[in-house]
Structure formats: structure tokens, C-alpha cells
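Fit chain B to the supplied structure of chain A, relying on the hints for placement.
Number of protein chains: 2
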Amino acid sequence: MERLRLLSELCFRNDSKILFWVFDGIGGVPHPDTGKTELETAQIPNLDAFARRASCGGLEAHGAGVAPGSGPGHLSLFGYPLEHFDLPRGVLEVLGAQQCYHNGKPCDDFALQPTDLAMRGNYATLERIGDRLVIGDRRANNIATESSDEVSRALSAGIDLDGYDVYIFPGKQHRFAAVIRGADLRSGLTDADPQRSGLSPRAVEAERPEAQHAADLVNEFVRQATEVLEAEPEANTVLLRGIGTPPSVPSLQELYGIKCAAIATYPMYRGIARLLGMDVLDVPSMSHEDQVKTLEENFNKHDFFYLHIKETDSVAHKGDFDAKVRIFEECDALFARALELDFDVVVVTGDHCTPSVLGDHSWHPIPTALWSKTVLSGQASALTERECLKGMLGRRASRDILPLALAEAGRLKKFGA
Amino acid sequence: MERLRLLSELCFRNDSKILFWVFDGIGGVPHPDTGKTELETAQIPNLDAFARRASCGGLEAHGAGVAPGSGPGHLSLFGYPLEHFDLPRGVLEVLGAQQCYHNGKPCDDFALQPTDLAMRGNYATLERIGDRLVIGDRRANNIATESSDEVSRALSAGIDLDGYDVYIFPGKQHRFAAVIRGADLRSGLTDADPQRSGLSPRAVEAERPEAQHAADLVNEFVRQATEVLEAEPEANTVLLRGIGTPPSVPSLQELYGIKCAAIATYPMYRGIARLLGMDVLDVPSMSHEDQVKTLEENFNKHDFFYLHIKETDSVAHKGDFDAKVRIFEECDALFARALELDFDVVVVTGDHCTPSVLGDHSWHPIPTALWSKTVLSGQASALTERECLKGMLGRRASRDILPLALAEAGRLKKFGA
Numbered sequence: 001m002e003r004l005r006l007l008s009e010l011c012f013r014n015d016s017k018i019l020f021w022v023f024d025g026i027g028g029v030p031h032p033d034t035g036k037t038e039l040e041t042a043q044i045p046n047l048d049a050f051a052r053r054a055s056c057g058g059l060e061a062h063g064a065g066v067a068p069g070s071g072p073g074h075l076s077l078f079g080y081p082l083e084h085f086d087l088p089r090g091v092l093e094v095l096g097a098q099q100c101y102h103n104g105k106p107c108d109d110f111a112l113q114p115t116d117l118a119m120r121g122n123y124a125t126l127e128r129i130g131d132r133l134v135i136g137d138r139r140a141n142n143i144a145t146e147s148s149d150e151v152s153r154a155l156s157a158g159i160d161l162d163g164y165d166v167y168i169f170p171g172k173q174h175r176f177a178a179v180i181r182g183a184d185l186r187s188g189l190t191d192a193d194p195q196r197s198g199l200s201p202r203a204v205e206a207e208r209p210e211a212q213h214a215a216d217l218v219n220e221f222v223r224q225a226t227e228v229l230e231a232e233p234e235a236n237t238v239l240l241r242g243i244g245t246p247p248s249v250p251s252l253q254e255l256y257g258i259k260c261a262a263i264a265t266y267p268m269y270r271g272i273a274r275l276l277g278m279d280v281l282d283v284p285s286m287s288h289e290d291q292v293k294t295l296e297e298n299f300n301k302h303d304f305f306y307l308h309i310k311e312t313d314s315v316a317h318k319g320d321f322d323a324k325v326r327i328f329e330e331c332d333a334l335f336a337r338a339l340e341l342d343f344d345v346v347v348v349t350g351d352h353c354t355p356s357v358l359g360d361h362s363w364h365p366i367p368t369a370l371w372s373k374t375v376l377s378g379q380a381s382a383l384t385e386r387e388c389l390k391g392m393l394g395r396r397a398s399r400d401i402l403p404l405a406l407a408e409a410g411r412l413k414k415f416g417a
Numbered sequence: 001m002e003r004l005r006l007l008s009e010l011c012f013r014n015d016s017k018i019l020f021w022v023f024d025g026i027g028g029v030p031h032p033d034t035g036k037t038e039l040e041t042a043q044i045p046n047l048d049a050f051a052r053r054a055s056c057g058g059l060e061a062h063g064a065g066v067a068p069g070s071g072p073g074h075l076s077l078f079g080y081p082l083e084h085f086d087l088p089r090g091v092l093e094v095l096g097a098q099q100c101y102h103n104g105k106p107c108d109d110f111a112l113q114p115t116d117l118a119m120r121g122n123y124a125t126l127e128r129i130g131d132r133l134v135i136g137d138r139r140a141n142n143i144a145t146e147s148s149d150e151v152s153r154a155l156s157a158g159i160d161l162d163g164y165d166v167y168i169f170p171g172k173q174h175r176f177a178a179v180i181r182g183a184d185l186r187s188g189l190t191d192a193d194p195q196r197s198g199l200s201p202r203a204v205e206a207e208r209p210e211a212q213h214a215a216d217l218v219n220e221f222v223r224q225a226t227e228v229l230e231a232e233p234e235a236n237t238v239l240l241r242g243i244g245t246p247p248s249v250p251s252l253q254e255l256y257g258i259k260c261a262a263i264a265t266y267p268m269y270r271g272i273a274r275l276l277g278m279d280v281l282d283v284p285s286m287s288h289e290d291q292v293k294t295l296e297e298n299f300n301k302h303d304f305f306y307l308h309i310k311e312t313d314s315v316a317h318k319g320d321f322d323a324k325v326r327i328f329e330e331c332d333a334l335f336a337r338a339l340e341l342d343f344d345v346v347v348v349t350g351d352h353c354t355p356s357v358l359g360d361h362s363w364h365p366i367p368t369a370l371w372s373k374t375v376l377s378g379q380a381s382a383l384t385e386r387e388c389l390k391g392m393l394g395r396r397a398s399r400d401i402l403p404l405a406l407a408e409a410g411r412l413k414k415f416g417a
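Chains A and B are the protein sequences, given in the same order. Under UniProt numbering, the first residue of the first sequence carries the number 1, and numbering increases by one thereafter. Under UniProt numbering, the first residue of the second sequence carries the number 1, and numbering increases by one thereafter.
A few of these clues could be false.
Given that identical chains are not distinguished, each listed pair holds provided it fits within a single copy or across any two copies.
[To be verified] Computed list of lysine-lysine pairs in DSS-like fashion (alpha-carbon distance at most 27 Å, straight line):
#1 Lys390 <-> Lys373
#2 Lys36 <-> Lys413
#3 Lys36 <-> Lys390
#4 Lys172 <-> Lys17
#5 Lys373 <-> Lys318
#6 Lys36 <-> Lys373
#7 Lys390 <-> Lys172
#8 Lys36 <-> Lys414
#9 Lys390 <-> Lys318
#10 Lys293 <-> Lys413
#11 Lys105 <-> Lys301
#12 Lys293 <-> Lys17
Because the hints were derived from the structure by calculation, they are not lab data. Since the structure is predicted, the reported quantities are computational estimates derived from the model, not experimental observations.
Only chain A is shown next, with the shape it has when bound in the complex (with noise of 0.2 Å):
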């Protein structure tokens, strides 16, 4: 916080036009077949030239071996020092989560709002011994994650809290998490979770007087719960923890006085951008190419640029490692493009790797590419992992970009005369 006090003091206005463009999961590890990644593998000459013409690193976003979820990885590009924002890990799940059932269907366009309940859950069991119920089995035996998911479904479809919306949102196996929505519902509870096996599940509790009514609500939520998968085989109940609405974020424009604008067409990062205090802009369809021409059409409009590509991560998850090449190389052309615009400053990168060959996020450093005029490049002769490690901004933390594209943007003033 103190860091980011410094900066927001040092940070003054210009009008200069900063670009980041995000690609999510941008990095892979090698093909086994090949010894490439997705990036060595893509014919993508205007994104390597770039990274020659730019200074290039590799950014970690939560430190070593933390793979971040799209939440974290996301706020840290934006310079916000997790640790120091009293994020509810259930608000962070929310934001990550990739699928999402609202009264029994699934629900593409969900966003979290400020007034949100958040909470992050574990499917579980519940066993009678004696005349008590303690939890038999935490983790709900490791239940498979189709298993989550429809359980998911069905925990959506038949919890009815009077006035309020439920949201719930699969994990893998026994996690998931989810959102109640309406009136007067505020931070400050105890979790329900008591972290270990054969204990009794606990009610959750108010840790101050305004927080009351979202402690009743909430278990109210578990007992439904409890009562709708009764006769679920593989759980039975649900524990909570991380419960807590969305921090109150100072934003971009706050912080450093950018009039920032967000162009990603998912839900979760239109989400992000919104509790960031973005502008968050219509894009006419899902295409990549809508995409730039909305930036485009607002160059004139904002100072700072978010352009967030999720397919790249979409299809890693799924194991996809060509399609992953494919649409690297369907964006280079249209990435040239933006790069018509008159920017001052434009960074590549991502808010995490996502390797094909893993199928999941990793802890990889996230390949980044930083241009402006007066950049010292010359180091990494193409935009790939190991290309990028040899530039100028060598491996340093996610939150790091921002401040360096600000100072290239010539909107930090020194430190002391």
C-alpha cells in the first residue's frame, strides 16, 4: 500500500494513450512432440517484431510456483498488491469461475457487483455418529468434478432464499462457489468451515452487528443446502469460507488519474474491469476483430486500453495446443492493426500462462513485451517464453508493468528532487 500510495502521489496527467493487450494464458510449456510452445510454434511476424522493437520479461503474478486464477492475475497486472487488499477469497473465486448456474441453467452474463455475497465452498459429507453430525468427509471423498458440476446445478435450482438471487459456480471436484444477491447483505463472517473432518460443521457468525442478517441468510443457504442434496450419494452438505462482498477497490482513475477502458467480450473480465472502475465498452459480437475496432472507434475517448483475447486460454484448458497456435496467429494480424493507433505506450501479456500440454494455469513467468519510443529493446528476437526472459525487464512481478508503462507514458514524476 505504501508503494502504491507513492505512485498514485507521483503520477500526474498527460495525454498520452497507453494499450495493454492481454492475451489470457498466454504462455505454454513445450510440446512434448516438438520441444515448442504454442508461442515458438505460431507464425506471428508483427508480435515478434514487436517484442524485438519492445523491451521483453516475464512477469509473475503471485510469486514462485502460485498459479494464479484469473481474479488475482488480473488485479496484479493492474498493480494492485493482493496482499493488501482485503480480498474474500470467496469474492476472488467468484471472479475467476468459469461456469456459473442461476436457478437451475447456466448463466453466461454474470458480473459481480459490489453488494455481492461471495463465498468459496466445499462440497462435503455429513455423518451421524451417535446423536451428533461431524463432517465424514471434507473434500466429499475427492467427487469428480462432472459430478460438482451437476450438483452444482442442482444446489441453484432448488435453494429459495425469499427476495434474493443465488449464484453457484463449479469448481474442480469439491470446490465451487457462490454469489447471494439483494438487500443489506455485508462483510464480516466467520466461516462455517471448520477445516478438519469429524468435527461438526459450524454456523456461521456476524462478526459485527450489520453483518447480522448476512450471517441468518447464510446458514439458512446451508440448511437448504443440506436438505436439497439429502439424497445426493456423493455430498450432502456444503462448508463455507472466504464469505465477504467485493473490497472497495480505489481504481485506476483514483490511483493514477487514467481514463481507462476495458475491451473483453467474457463476462468475468467485463466483471474485473467494472470493479477496477474501467469504462467497460460494448463489443458488437465476440470477434477479435470487433474487438480492436472498438478500440478503434474509443482511441479518442480514454487514456488506458485493456484488450483482454480469452480464447487462447479457453482452449488450453482444454488441452488444445493447435487451436491455442491458431488463434495467436489469427490475432497478429489484428494486434498490428492496433498498433496503427497513435499509442504511446503498448504492453503484451497475459494475466497467466495457461500450457496446453497442462491444461490448467500455471506459475510460468508470462511472457511481456513493453514498447514505447524510447524503449531499450533489442534482447528477444521473437514474442515467446524464453525469448522474452532476455530482455531488458527480465522476471520481475506482474504488478510491476503498470508502473513501468506509466513511467514510459512520461506520467510519473521523480522520487525526491
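Below, chain B without anything else, positioned relative to chain A:
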């Protein structure tokens, strides 16, 4: 501080000799015509050969994107974790000021003393609204630097605090710093700057009884300043903040048991050296040759030498790329002469970068080469921004270089058995 304590505890004395050869503002960015920086352009065979024999890297004085002033830059270079020293911003501004007025005349030999009360300020405008005086513009409508220089001179002539000396240091546009020198001035004052236009200026208040006298004096300073500036068309008051005396910083000798000498010709750097407890040696002229001569003559008398070359920074501030190249070239032979002394460890570095192309301090990694008889060398082919970053030191914090030099000098015991 934890770190500083550990290092201090591990230190022991031997008869090794260490040289820190500091080119102020050493690093640059590429010239738009040639794509080369000043260091890449200069013919500096001795410095290049030295880099090839050294461990090289790039130092960041204050993290990503932050261009340090000379005060913070030097403190980091000498291993002080800035965030743990309660250095009033006024002190940092004064340590970094380029110009000083005293009694209406330029004062070339100002050196900050431990009992000086330093403060930073804005020139601002006061307006009468009804019967209230409020701040019209707290940046004096971005008064031109030349006008603010004139206003500073006028202030230094017009303010008369009985028994106290007043020094005024003009900065860019509305910024200035001031020092009150005399008896019984203590830290612990609130800011007079309400940080928003449209509010009334505040009186400075003492946060502890010992500071009451200083508070009274600062308020009198503001009263007189407003009188002196009454007829000024652009700025008619001052807003003060960051007021305090230099903290007592443990000296390098106390911390590491090294007897330190500073060979610096400009007052600011002599002042910083004195703050850190160095012996500030007399140099017979401003010439670099006399600096090296002073080094030769005093070689036997100290353990650690800080030799500061100012001009690389001064000419870069003026945007004079060729002059900066020339100064590196002039210093090359002198550096070789210094190497003929029997140093155990030699570091070539800077307090920050000052690219001529940008005309101001920058945040770029500071090209740095560390040599000892047993150093791991051989990655950098020359002393340049881009070559140094290929070296063993990598990109790291400025505060790491002194511990590394002490270790190479065999002055650090191992930690734990």
C-alpha cells in the same frame, strides 16, 4: 532494518579497499537516430574491459517505474532501505536540490546539517472569498520554472527570522524547498498544505512539545513569505509540507566498520556523504583529474571510497547526448588510473539513470559492474545498459550492491555456522 541489522552483525574488519565509482545519471535510452545509448556510443575501452572482467547487472533504486531523485538514489546505493528511515520529504528535496538562494544571492556551498529544519513547498495563490482567505490554486497555476526561480530568490532576500538563516531551493514549476537553520529546531510538525485548492491554508502544528518552537518559526516564515509575495502576480503564498530535520542515519562506519571517504565536488553530494558519516575530502578543483589525484593521495587512509562524477547527469538534464558521451570518454583513462591503485573491490555504477533523450532522471536499471579478484565474470561484453543486464548480478535493487561489495571484499562472515 532487519536486513541492515543482519548485515551489520555479519561484518568484520579486514584491510581490503573498496571503490565506488559513481557516474551520476549513468544510464540512457537509445538515441532516435542511431538506436544507441550514450554508453553504447562512447569509446571507453578501459571501462568496457573492466565490465568484461566484472560481474555486471542493472540496479533499480526504488522499484519499477520510479525515477529517484539524487537523495533517494544515493541512499539506496549505500544500502539504506528508504522506507525504514523516517526521512522527511523536505530533507530528500533539499538533498537533491540543484540551486540554492540565501539572502537573495545564489549559495553554492550549501550542505545540510543534522539540526537543519527542511521542508518542501508549493508556490500557490491565495484568494479572498467573502471574509475568508482560501487557496485559489495550490500549484500557482503551474507557474513557470523561471518565475519560480525569481520568486525563490526574492523570498530568500525578504524573510527575516531573527537569529536564523533561511535557504530557498527552487524546483520545477511551483515546487521549492526551504531550510531554516539555527538553534532548537525539532521534527514533529504537521503540514500546512491542506492538499486541495478552495480550502484555507492551515497553520503548522507541533505534534510534540519540543517541536513548538519550530512550529512557531515555520508559521512566521509563512506569514512573512505571504507578505513578501504580496505583489507577485503569479504566486502570493507558500504551502509547506514534509517538514523535519534529517533523521539520524547510522553511518556506514557504524554499520559495517568501514572508514569512508567521499570525493565529490558538488555540495549536494558532499552533503549526502556527510549525512552518512563519510569523511568528505577536499578536492583542489572541480576537475575529474583532481578527483582521481585526491583518491591516490588518500588511498592509504580509508577503506571505502565514493568517487562521484556529476557532469554525466548535468549535461543529460540539458539533453546534450554528445556531451554525455564525451564525459564518459574523458573519464575512461582516469578510471584506468584509479584501477592502478590496489583496490580489492571496484564498483562502477550510478545513483539513477539520466537519459539525455528524456532530459531527466529515469527508472531504468542502472548499468553496474562489480569487480574483485574472484568475481564471476564474462557475460557482459561492454559497460552498457544492455550488456550489463546479461551479467551475473542481473536486475536487482540498488541497496544490494554494497553488501555484494562487502562480501567480495571478504568483510562478511557467514550467517549461521
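Now the hints, each set against the structure:
{"no.": "1", "hint": "Lys390 <-> Lys373", "in the structure": "both (20 Å within a copy, 23 Å between copies)"}
{"no.": "2", "hint": "Lys36 <-> Lys413", "in the structure": "between (42 Å within a copy, 25 Å between copies)"}
{"no.": "3", "hint": "Lys36 <-> Lys390", "in the structure": "both (17 Å within a copy, 18 Å between copies)"}
{"no.": "4", "hint": "Lys172 <-> Lys17", "in the structure": "between (40 Å within a copy, 24 Å between copies)"}
{"no.": "5", "hint": "Lys373 <-> Lys318", "in the structure": "between (38 Å within a copy, 20 Å between copies)"}
{"no.": "6", "hint": "Lys36 <-> Lys373", "in the structure": "between (31 Å within a copy, 13 Å between copies)"}
{"no.": "7", "hint": "Lys390 <-> Lys172", "in the structure": "neither (35 Å within a copy, 37 Å between copies)"}
{"no.": "8", "hint": "Lys36 <-> Lys414", "in the structure": "between (42 Å within a copy, 24 Å between copies)"}
{"no.": "9", "hint": "Lys390 <-> Lys318", "in the structure": "neither (30 Å within a copy, 32 Å between copies)"}
{"no.": "10", "hint": "Lys293 <-> Lys413", "in the structure": "neither (33 Å within a copy, 37 Å between copies)"}
{"no.": "11", "hint": "Lys105 <-> Lys301", "in the structure": "neither (37 Å within a copy, 48 Å between copies)"}
{"no.": "12", "hint": "Lys293 <-> Lys17", "in the structure": "within (17 Å within a copy, 50 Å between copies)"}
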